[in-house]
Each structure stands twice: as structure tokens, then as C-alpha cells.
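A.B. asks: All chains, full assembly: derive it from the sequences and hints.
Residue numbers (my numbering), protein chains in the order written: chain A, 1 to 320; chain B, 321 to 963; chain C, 964 to 1255.
Bear in mind the hints are in silico, worked out from the structure with no lab data behind them.
Only a predicted model underlies this, so the values are computations on that prediction, with no experimental measurement involved.
Be careful, since some hints might not be right.
As the list claims (entries may be wrong) - Label pairs and their in silico Cβ distance ranges:
hint: 1; chain 1: B; residue 1: ALA341; chain 2: A; residue 2: LEU18; range: 53 to 61 Å
hint: 2; chain 1: A; residue 1: LEU305; chain 2: C; residue 2: ARG1154; range: 36 to 44 Å
hint: 3; chain 1: A; residue 1: LEU18; chain 2: B; residue 2: VAL398; range: 56 to 64 Å
hint: 4; chain 1: B; residue 1: LYS809; chain 2: A; residue 2: LEU18; range: 54 to 62 Å
hint: 5; chain 1: C; residue 1: ASP1221; chain 2: B; residue 2: TYR952; range: 50 to 58 Å
Said to hold, decoys possible - Taking beta-carbon pairs under 7 Å as the criterion, some of the chain B residues facing chain C (in silico):
hint: 6; residue: PRO643
hint: 7; residue: PRO645
hint: 8; residue: LEU646
hint: 9; residue: GLN649
hint: 10; residue: ASN785
hint: 11; residue: THR795
hint: 12; residue: ASP799
hint: 13; residue: GLU807
hint: 14; residue: GLU811
hint: 15; residue: ILE812
Stated by the list, open to error - Listed next, the in silico DSS-like pairs over lysine-lysine satisfying Cα-Cα at most 25 Å (straight line):
hint: 16; chain 1: B; residue 1: LYS820; chain 2: A; residue 2: LYS55
hint: 17; chain 1: C; residue 1: LYS1151; chain 2: A; residue 2: LYS157
hint: 18; chain 1: B; residue 1: LYS718; chain 2: A; residue 2: LYS49
hint: 19; chain 1: B; residue 1: LYS754; chain 2: A; residue 2: LYS55
hint: 20; chain 1: B; residue 1: LYS567; chain 2: B; residue 2: LYS455
hint: 21; chain 1: B; residue 1: LYS825; chain 2: A; residue 2: LYS54
hint: 22; chain 1: A; residue 1: LYS55; chain 2: B; residue 2: LYS593
hint: 23; chain 1: C; residue 1: LYS1151; chain 2: B; residue 2: LYS802
hint: 24; chain 1: B; residue 1: LYS538; chain 2: A; residue 2: LYS54
hint: 25; chain 1: B; residue 1: LYS668; chain 2: A; residue 2: LYS157
hint: 26; chain 1: B; residue 1: LYS718; chain 2: B; residue 2: LYS538
hint: 27; chain 1: B; residue 1: LYS622; chain 2: B; residue 2: LYS802
hint: 28; chain 1: C; residue 1: LYS1216; chain 2: B; residue 2: LYS668
hint: 29; chain 1: B; residue 1: LYS593; chain 2: B; residue 2: LYS668
hint: 30; chain 1: A; residue 1: LYS157; chain 2: B; residue 2: LYS353
hint: 31; chain 1: A; residue 1: LYS54; chain 2: B; residue 2: LYS809
hint: 32; chain 1: B; residue 1: LYS668; chain 2: C; residue 2: LYS1028
hint: 33; chain 1: B; residue 1: LYS566; chain 2: A; residue 2: LYS49
hint: 34; chain 1: C; residue 1: LYS1028; chain 2: B; residue 2: LYS809
hint: 35; chain 1: B; residue 1: LYS538; chain 2: A; residue 2: LYS49
hint: 36; chain 1: C; residue 1: LYS1151; chain 2: B; residue 2: LYS718
Note that the Cβ used here is the ideal one computed from N, Cα and C, for glycine as well.
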Amino acid sequence: MTFFILRRLGLSLALLFLISIISFFIVTLTPGSPYPWGELNPKISAEVKANFRKKFHLDRPLPEQYALIMRDLFTGDLRSIKDDRPVLSRILERLPATLALNFTSILISLSFGTLLGVYAARNAGRWQDMTGSFVAFLFIALPSFWISYLLAIVLVKGFHVPILGTHSYGIGFPNAFAAGLDTLWHLLLPATVLAIGGIAAQSRYLRATMIGTLREDYIRTARSKGLAEETVLYKHALRNSVRPLVTGIGMLLPALLSGAVIVENIFAYPGMGRLGYEAVLERDYPTLVALNFVVAALVLLGNLLSDLLYAAVDPRVRLE
Amino acid sequence: MRTLRLFLYGIPAALLILLAAAFINATFLSVAKKNEMSIGTLGEPSTLNPIQQADSASSQVGALIFNGLIKYNQDLEVVGDLATGWKLSQETTFRFATDEAAAKALETLNTNRARPGLTATSGFSNWPIIGLLTKGTNLIVTLSQPGLKDSEDMTQALASSDLHPIPFPPLEPDGKERPFKAEPVIRFTLRDGVRWHDGAPFSSADVAFTWRAIMNEKVASPRRSDFDLVDSVETPDPRTVVVRYKKPFSPALLAWMTAILPEHLLGKLDPAKWPELYNRAPVGTGPFRFGGWRTNEFIRLKKNPDYFLGSPWLDSVVFRVLPDPLTLQLAFQTRQVDFWAVDPWSVKGLQDDPRFTLFTSPGNAYNYIGWNLRRPMFQDLKVRQALAQAVNVPQMIKYILYGHGVQSTGIFTPQMWFFDPSVKPLPFDPEAAKRLLDEAGWRPGPDGIRVKDGRRFSFTLLANNGNEVRRDIATLVQDDLKRVGIEVKVEIYEWAVLLKRFVNKGEFDAIVLGWGLGYDFDQYGIWHSSQTHPEELNFIGFSDPKVDHLLTDLRQEYARPEIIRLAGELQRTIYGQQPYLFLFVPQGSEVMWKGAYRLRHPGPDGAWIDEPVRMTKAGWSYDMEWFYRPEYPPTAKANSITR
Amino acid sequence: MSSVPTSLDESPVARILRRFRADPMARASVAVIVLFALLAGITPLLSALGIPWPCDPNLTVLEQKLLPPSPAHWLGTDNLGRDVLSRMLHGASISLTVGLIAVAVSLGIGVLAGAVAGYFGGKIDQILMRSVDALLCFPTFFLILTAVALLGPSLINIVVVIGLVSWTGTARLVRGEFLTLRETEYVKSARVLGQRAWTIIIRHILPNAAAPILVTAVLGIPDAILSEAGLSFLGFGVQPPQATWGNIIADGKTYLLDAWWLILFPGLAILVASLSFYLAGDALREAAESRN
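C.D. replies: Structure representation (C-alpha cells):
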């Protein structure tokens, strides 16, 4: 067991470095330079630009830049080109908001997705199943920016409800509970939009697996033993179909970050997706390298965790 | 298994209930507005240290936290801010071989100058001399007005008495020798009783420190070039600052609008530590103090009750970062922000809406199409004039800007005092354009596109993405030019790519851009022929000796009527050359919920004036420290006003 | 399981088609797809033939900007006075092209990678699958942006880039199929007979894996369409004045609160087109996998 974990960690670390090297070279090869004050500013002399370049090692050859950035990353001294603050603080201050958003989104996907999946599998082949499939694919086919805008327009023009940022401004709430509800409201909206695709995906996975499980012999045995359908469904079939849900979680993170870019922009939610998007536009290489590193690390960690969970859930699996 | 069922149905049910409760909370239960102003911005400030940033988002916030020595008032005239007064003078120094020669020179000048009794009309020279003395072999003449002309006159007068001063070495490595040293001096008198937000007293040491910081390489200040010509900054006492310049440079005074930084906090601190220890929590002298910054979300400022002009009425101001233009609009509609920079399309609808007040101001920017003058097809003036007359600019203003703009007649904007209104725009005349093209040798080819010497008149027009106005301009230009037989391909790139790949290298055909101008007339960087290297601003490769002369003369001219004359000539000359297709000066509109704010500010005679928020030449937000919300009227007891 | 030929008298293809045709949802979605393809195909043809309908999608008539739907303009006009219906019809052909070519690219790479990994196994398999893992760790948007910036924002570049980013799913699937099929008697005997690896792959294994590959292809088309819409929305799509569904919405972003037709119709089009492909693909998968 320990050997497995160590080996996986080692492999992941190697992969992590490979990823960071590739992403660094991709971004730096992209044309565009990271001056934070706007390049066509009549007041900035060439000398100021040269000083700036020197400060951020932009005049060194690429491999040396990469090495310097890596060194700074691990000594905690890596600074963002945009505002000269340590990159890690920039990422960490977004982390709680991103975690809240992703966690809520995953919670929503899993709970509604499971419900929908069980419902479909239970009525496999009948009209309820077809409706369920239709709804699932409808969710997947919805462009996120479209539904975000429509939702925003309806809520604002129809109900005059504030929806942007993490809480409402300029408003005094009567008590902490009301303020808390306000924050929750602002969190739930973008999380729901992000979760729409997840609901569909999870329900499809679950449905497929459960239909397969429901055909197994032991289910037939359970039914013939006279157990209630509910027990059969939940105690036996669902338990054994949990695998894809568990493994699916690990893969959700990069997808959520990508998808979050649009949603975070529209709802003005301060998460890591927006950080990455703006860093790309501004060619803020240190932030990008660090962000990629953190995201890749989280993903690989998530994979490791889901493999471990899988092993814990299903004793038949041996970790090789 | 019960538990499993519970989870399965319980969690979604709980989520739905929470959502409903939160929705109801947001819609009905939100109550009292706080005494706070919310401003929505599309971009976020990168840092709140004014000398390390140059983006407009940072300036907007910085203006409330800091003061400069001087500022613009609502009529765009220069008035004192931290300085109560300033005096300009100039020290011209001549040096000679011997002390006696210097003394003789002093005699000569003294004899020649006009004085009561010996006036200019009686043949004496009208030099504004306020001091004459010798120091060894040097003769120092103090003039009450900076400039080169008087000093050149004096050199002539000395020469005619056979006195020849020894020249000084040139200022720039490739410059000429100077017969005299002309050093303008500005003497500022500082306001008394000003305190920093942390209570420490403000003094001239802070001004001197700010200058040193701006010039410090480690600070990497983008404002450094504004102060390149400063020779020294001296502080004879805590209320006086004396700035000496290396040579006459008229825009120099305006550079002192830059914010002053606290010496007692930053003087001993290594600039490498500034980002964490100061830039995110700045301390200034302005009407509002820093109150908190959540990155990418908001910046909050709290009122400074000890502000030297009196405490602001508002408790706080919040800048909210809302990156999507649609949701910025939505935030305005739900009164989450009180102001919104309206795009022209919506102005019509809002103008007639009784719920809102609309403020329209002339912008200080113009849009243009830059022709790369290194490309042979753009080198003929007739061609450029044809292009200008083939594009229907008035229609662009009507339909892209909904009439909120003015056709540009050159490099200055109409509201500035040095703008020449007698320069007329080229008319929209496609027939004339066709004629000019024919004359230039471009004849229509088989496919309708003009041809000359076997080459088709086809070029690529670049624009940056994310800017709808420029994109629309490009599309309309493409259409208009097609009708006179010119083929235009439009390519849109991301801003950073556009600059690095095309503009900075000077490798493009034509590009849709705009200039945001400062409030001065110095446009050396954009039009001088020496500024055509990679990454410099004269990226179209414009070169005209007359323009070069005018640009340098303008920089050295201090007298207002002369400046107006030179600037007008510069504007006329450049417009005649059509190096750009000058498009238009857009008007900016901002809308506010009517009655959301009122203004209570001290009037000229000391009494309070209470009025609705109004438009001024400097914008509607001038005097923001005096805004108040009607729900929180300012208390009857007035602030003590120190003026 | 379904890909192994049985002794029934129906060929596998016919069986799949029969089941497919029996599903009403499948029939409906195919109908929509056919309609979509027709519209997308006919529009450029009509303009090539000089027929004046639909009107020029790039004709800017500034006096008519931002008009709501009316008999003159069924879907209204955009901010430069261009007819939205005609822009959407032209946009349909772009969307279809993007969908098809991007899928072709991703299929090409994915099938190749999956086949090689699945058939040869061992070290090659490990390397390929690790690269797939690595690729999946990237936020895809960032890769697309970089590539489009490097190569320039033309239709071909965008399509190729989308294809390059989405081959991993196909690769995984194909690898799985190959791993299974490699162990069948059929293939084993071919190996014993000395047939070369690539012959076996192409002539024996691939046809039997065709059904799942086809399903992936059909399911990949709407993904590409949605990616292109997202790219256009962010401003990295095709150049003006070319119309695509995504950039009609993007161009009209600032006016959306008042000009609802600029967001409703293109969004619906994207939704309906993607939905039909998804439903058709899913029905195809059901047909290929079910037991009757």
C-alpha cells in the first residue's frame, strides 16, 4: 500500500514537472509581452521597459527563465509581473472562493445527477427513461454563456435581484443570517450553471452502470428472495455502481476551471478560472506557471484520491 | 439504507430550499442602503502606488487617496492642491574666461535692459530680468519667465559688445554646444496643517522623496521620463520646494500633478518590499483612506475625517470589479452600482428615462486609422487624401456612436485651449476620392479593384479584439473602400499579439487605433522623426522636418499665446499630411440614478452650495469628495475649511 | 460483445440500423440534423449561383440597426444593420464545417493513438496513456488561446486546434476496444498466420471497433460546435465579417438587455443542433450495444 502511494506520488511529480515545462514554453512562445501599464503609453520610455525586463528575467534565454521561475516558486519568492506581489498569495486568496464554488458545484452535480440516474435506470426503456435522457442531453448541449446571460437577464429585469460578485453591496442586512443567505445566493447561481453539465454527465454514467449492474445474477437472486424493490435498488445496485462517480470526480477539476472562466467573468465571481484567463491575456508568466502547477497538482492528487477511494469502496480491486 | 435514501433525496431537497430562501432574501429582505457609493469598473487596478502604475483603473482610485502639488479645477485650469502657490523663474548662466569679463557682461546687460524710465519703446530690450549677479567667471541672470528667446537675445547683445561667453557642453550626447545654461526653476509653497492618513505631518521632505523614488531604478516608475529633465529638488524649509530643471520644458509643471508619497513610511523601505507592505494598503493625504481590497472583487475606501479641505460626507466608496460589460449594466439596473458608463446605443433610451440623469462629456481621445508610411502604396499624399474622403466618417459617428462624437481634425481634441478650430475636416466625397486615385495612377482593374504597375490596391487592416467600436469601424471602412475600388482584408488579434507582432516591429499595412491624450500639448513621442524605432510611438514612420521643428519649439515655449500659435500650426500641418485617417473624438456618457447623489461644497465666498451632481469640464465626478446621499444629509455643523 | 460477428442472418450494420430506426427520438434528431445540413449546404450554394436569397449577411445598412423581428427581417438585425436570419444561415455552414473537420482531426489522431497503444501494449501503451493523462490536466481553453494566437485566427487553425485538444476521449475508447479485441480467437489466429501488425489492425480489428468509433465521432461533433461557440464568444473565433452563431451573440453583447433576439436565436440554434447530434449519437450507441 505504502509502496503504491509512493510510486504514484513519484510518477505524479515527474508528470507535474513535465506539464509545467510544456505549459511554460507554450505561453512564452506566444507573441505578446507582459507590460502592466499598456504598451502604447507615450510616457513610458525604453529605459523603463528595459529595467522592467531585467527585473523579471525577461531578457534571459528561455530555459534559464524557466529555471529561475521554478526556483522562485519553491522558495516562495515568485512574483507576479502584473503587480509584483508573490504569486502564491494571489492564488491562495482566490482559493477559498474557488473551492467553495467547485465543492458546491460538485455537490449539486452528484446529488441531482444520482437522482436522475437512478430514476432513469429504474425505468429503463420506458418513457421516463427517454425523458431523462433527453433532459440530460439538453443540459450538456446548453452553451454556458448563453444560459448564464439568460438567467442573468431574467433575474435582473424580471425580479430585480442582485446577482454579481460574492455578496450584495451598499446594503445593510438586518442580521448575520440574512447576510449569510445573501452570500449563499451569490454562490449558488454560478455553481448551478457550472453544475448543469455535471448533472447530465453523472446521470448518464450512473444510468449506464446501473443498467449493467441490474442485469447481474445477484440482483435476480435478491429479487427472487423477495426483497423490496427499493432495497434491491439502493442497497445492492447503487452501491455497486458508485465506481464511475468516484473516478469521475478527479477529472472534474480541469473541466470546472475551464468552464468557470466564462461563468466567473459573467457573474464577476473572483475565482481561479478568471485568474488564469487574465494571466493568459496579460502574459503573466510566473502566475501562469504557478497556476498550472497548482491545478495539475490538484488533479493528480484528485486522481490518486479517487483511486484510493475506489480501492476502499470495492475490495475486489487491488492496487498495482 | 434508509440513510442512503435520506441522502439521496435529502440533499437535493435541501439545496432547493436553500436556493429559494436565498432568492427570497435577495429580493425582498434587503433593506437600508448604507452611506456608501458603489462604482463599477471593468478593469482592476494593478497597484495602488500611484508612481508605479499608469492604468486608468488605478488612477481613478488613486485620485481619492492621494494629492499632487497641483491639480486641475473644474474648468481644467491648473490650481494648487498640496501647494498653495508656485512661481516660475529661470536662471540663465553665461561663463567667461575671466572674472573681469563676467563683470563687464553684467554691465552690458544691465545697460541694455528695459526699466522704469528706460522702456522697451525707447530702444531697450524687454527682458524680464529680476536678478543679475556674478559668481567668479559666471554671470547668472534670473528671469521671471522661462524660455530660450530672451537668453538668445542676450547672447546677441553680448556679442555686439564683443563679449563671447565660453559654451557649455551639450546636454544630450548627440546634441549641440550651448552658449548658455538655461535652467527653469519652480518654487512651490506648500499648504500648512496637512496630515497623512496615519497622522504624521506632511512636509517638503515628502515631495523630495517622491521625486527620488520616481527616479529610482528599483522602483521602475513609468513616470520617470516626466522628470528626466529635473536637475535637483531642494527643500529649504518644510513649506518650500525648489525644483531646478536642466533646460526649458514647458510641460514640466504638469508633471507635478503626480501623487506625493509619504517619506516617513517609504523613505527607508527597500522598494522590493513595497508591493506587500505599502502598495496594497496605501497611505495618502486625500479625502478617502484605504479600507480594504479583495482582489478581483472590490476596493473599499473610507472617509478621511481630517482631510485638509474638510471631511467628506460619504462614509465610504467601493470600487467593484465587474469584467463583463453586460453584467456591469445589470449591476446598474439593480442599483448595485450607482453609475454606469453608457455605451452610445443605450444613451437614447436613457436620455428620456426620468429615472436617470445623463452626463455627457467630450472625451480626451481620438480614434484613427494609421497608415504604415513605409508601404509604397501609402506614400503618395493624394492616395491618403483619397482614402480620407472615401470613408464616411459622419455616418460612422451617427451610427456607431449614435451621434455622440465629433469628427477629428487632427492631433488635439476640441475642448483643449490650444486646439485650432479653423482646421476643417476633409469632406466625405467618394467621387473626389476616385479622381485622386486615378490621378495617382491607380486605375480600376478587371475585378473592380484598382491596379497600378501590375499591383492591386489591396491591404490588411488590423484591429484588436474586445473593442466593438474598432471592430465596427474596420467593417465599415472595408465597405466604404470597396466602393472606390480598394480591397481591404480585416484581421483582428488579441491586443498583446497586435502590439508585439505588428505594431512594435512596424510590420503592418494599416491599423485601427486610438490615442488617449494627456492634458498637455506635447506630442513629441508620437510625431517626431526620431521616435520611429521598434517599440516607439511613431510606429507609422512619419517624418517631416517642419513638424520636428514645431515639436521641439513647443516644448520650450512658455508663453500662452505663442503656444496656441505653434500648436495650431502643428495641428494644421499634420492634418494636411494625413499620416492617419483621423476619425472622430468620441463623447463619453455616464448615467446615474436620478437623485442618488447630491453635492454640497464650499462656494467661492465660503458659504456652502447645495446642488444636484452636475457636469463640469473636468467631468461629472470632479469634487467627488463632496458628494452625499440624500438619505444621509450632511450635518448642519460645517467643517472648518482651510483654503 | 456486439462487435463479434454472430451466426444470425442479419449483418451487424443492418441490425444496428434497424434498432436505430425503431427509436422515435433517433428519428426526430436525424430529421433535425438533415435539416441543419441542408440549410448549411444550400446557403453557400445559393449565393454561388447568384440567387438573392438569403440576403447578403455582410450588407451593413446602418439605418436599420438593431431592429426586432419583423416581416422584413424575420430574426431582426444586428448592430450594423445586418440581417440576423441570413447571418445565422451562413453561420450554420461554418458550424457544420467546424464540427465535421474538428472531429475528423481528433478522430484521426485518437484512433491512431488508441490503436497503437491498445495493440502493441507495453511501454508504448504506458507512454501514450501517460501523455493522455498529462494533456487532461491542462485547462483546455488556455491551450486553444495560445495556439490561436500563435497560428492566427483563421477558420482552419481554429478547427485544427479544437481537434488537437479533443482526441483523448477517442484514444481511450479505441485503446479499450483494441485491448479486448486483441485477445479474440480471430485475431490470435491471424497473428499466428504471420500477418503483419498493421494489416491486422486495419483489416481485422478496426472494422469491428467501427461502431463505438462512429458513436464517438457523432458525439464529438456537438462538442466541437460548442467549443467554437465559446471561442467566438470570448473573441477568439473567426474574423469579421464572417458570421458564426457564437459571434452573433458576442458582437451583440453590449445590446443584449434590449436586443433579446441577438441572444435567443443563435443560442437556440446552437442548442438544437448540439442536442440533435447528442441524441442521435446516443441512440446509435444504444442500437450498437443492445442485445435484441
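A.B. asks: Now tell me, hint by hint, if it's right for this structure.
C.D. replies: Hint by hint, here is what the structure shows:
1. The given range of 53 to 61 Å is broken by B:ALA341 and A:LEU18, whose C-beta atoms sit roughly 47 Å from each other.
2. The hint said 36 to 44 Å for the Cβ distance between A:LEU305 and C:ARG1154, and at roughly 40 Å that hint holds.
3. Separated by about 59 Å at the C-beta atoms, A:LEU18 and B:VAL398 satisfy the suggested range of 56 to 64 Å.
4. The beta-carbon spacing between B:LYS809 and A:LEU18, approximately 40 Å, falls outside the hinted interval of 54 to 62 Å.
5. Hint check: C:ASP1221 to B:TYR952, Cβ distance near 33 Å, so the stated range 50 to 58 Å is violated.
6. Taken as an interface hint, B:PRO643 does not check out: its beta carbon lies about 12 Å from the nearest beta carbon of chain C, beyond 7 Å.
7. With its C-beta approaching chain C no nearer than about 5 Å, B:PRO645 sits inside the 7 Å limit, and its interface hint holds.
8. Contact between B:LEU646 and chain C, as hinted, is supported at the beta carbon level, the nearest pair being about 6 Å apart and thus within 7 Å.
9. Interface restraint check: B:GLN649 against chain C, minimum CB-CB distance 6 Å, threshold 7 Å, status holds.
10. A distance limit of 7 Å between C-beta atoms decides the matter here; for B:ASN785 the minimum to chain C is near 4 Å, and the interface restraint holds.
11. The criterion of a C-beta within 7 Å of any C-beta in chain C is met by B:THR795, whose closest approach is roughly 6 Å, and the hint holds.
12. Interface restraint check for B:ASP799: the shortest CB-CB distance to chain C comes to about 6 Å, inside 7 Å, so the restraint holds.
13. Here the hint on B:GLU807 is broken, as its CB sits about 14 Å from the closest CB of chain C, past 7 Å.
14. Evaluation of the B:GLU811 hint against chain C yields a held restraint, the C-beta minimum of about 6 Å falling below 7 Å.
15. For B:ILE812, the shortest C-beta to C-beta distance to chain C is roughly 6 Å, which falls under 7 Å, so the interface hint holds.
16. Distance hint between B:LYS820 and A:LYS55 is fulfilled; the C-alpha atoms sit about 20 Å from each other, no more than 25 Å.
17. At roughly 67 Å between alpha-carbon atoms, C:LYS1151 and A:LYS157 are farther apart than 25 Å, so this suggested pair is violated.
18. Taking the CA atoms of B:LYS718 and A:LYS49, the gap is near 40 Å; set against the 25 Å cutoff, the hint is violated.
19. Only pairs whose Cα atoms come within 25 Å are accepted, and B:LYS754 paired with A:LYS55 is rejected, the gap being roughly 53 Å.
20. Pair hint B:LYS567 plus B:LYS455 holds up; C-alpha atoms about 20 Å apart against a cutoff of 25 Å.
21. Between B:LYS825 and A:LYS54 the CA atoms are separated by roughly 21 Å; this keeps the pair inside 25 Å, and the hint holds.
22. Note on A:LYS55 and B:LYS593: the hinted pairing holds, with a Cα-Cα distance of about 14 Å set against a maximum of 25 Å.
23. Taken as a hint, the C:LYS1151 and B:LYS802 pair is broken in the structure, with Cα atoms around 67 Å apart against an allowance of 25 Å.
24. The straight-line distance between the Cα atoms of B:LYS538 and A:LYS54 is roughly 10 Å, inside the 25 Å bound, and the hint therefore holds.
25. Distance restraint check for B:LYS668 and A:LYS157: the Cα-Cα separation of roughly 19 Å lies within the 25 Å cut-off, and the hinted pair is therefore satisfied.
26. Proposed proximity of B:LYS718 and B:LYS538 is contradicted: the alpha carbons are some 48 Å apart, above 25 Å.
27. As the CA atoms of B:LYS622 and B:LYS802 are separated by approximately 56 Å, the hinted pair breaks the 25 Å bound.
28. Straight-line distance between C-alpha atoms of C:LYS1216 and B:LYS668 comes to about 18 Å, which keeps the hinted pair within the 25 Å bound.
29. A distance of roughly 50 Å separates the Cα atoms of B:LYS593 and B:LYS668; the hinted pair therefore is violated under the 25 Å criterion.
30. Distance hint between A:LYS157 and B:LYS353 is fulfilled; the C-alpha atoms sit about 21 Å from each other, no more than 25 Å.
31. Distance check on the hinted pair: A:LYS54 and B:LYS809 sit about 38 Å apart at the alpha-carbon level, beyond 25 Å; violated.
32. Between B:LYS668 and C:LYS1028 the CA atoms are separated by roughly 14 Å; this keeps the pair inside 25 Å, and the hint holds.
33. Simply put, B:LYS566 and A:LYS49 have alpha-carbon atoms about 24 Å apart, close enough for the 25 Å limit, and the pair holds.
34. The suggested pairing of C:LYS1028 with B:LYS809 holds, with an alpha-carbon distance near 23 Å, which does not exceed 25 Å.
35. About 12 Å separates the Cα atoms of B:LYS538 and A:LYS49, which keeps this hinted pair within 25 Å; it holds.
36. Restraint check for C:LYS1151 and B:LYS718: not satisfied, since their Cα atoms lie roughly 76 Å apart, outside the 25 Å limit.
Consistency with the previously given hints fails for numbers 1, 4, 5, 6, 13, 17, 18, 19, 23, 26, 27, 29, 31, 36, ordered from lowest to highest.
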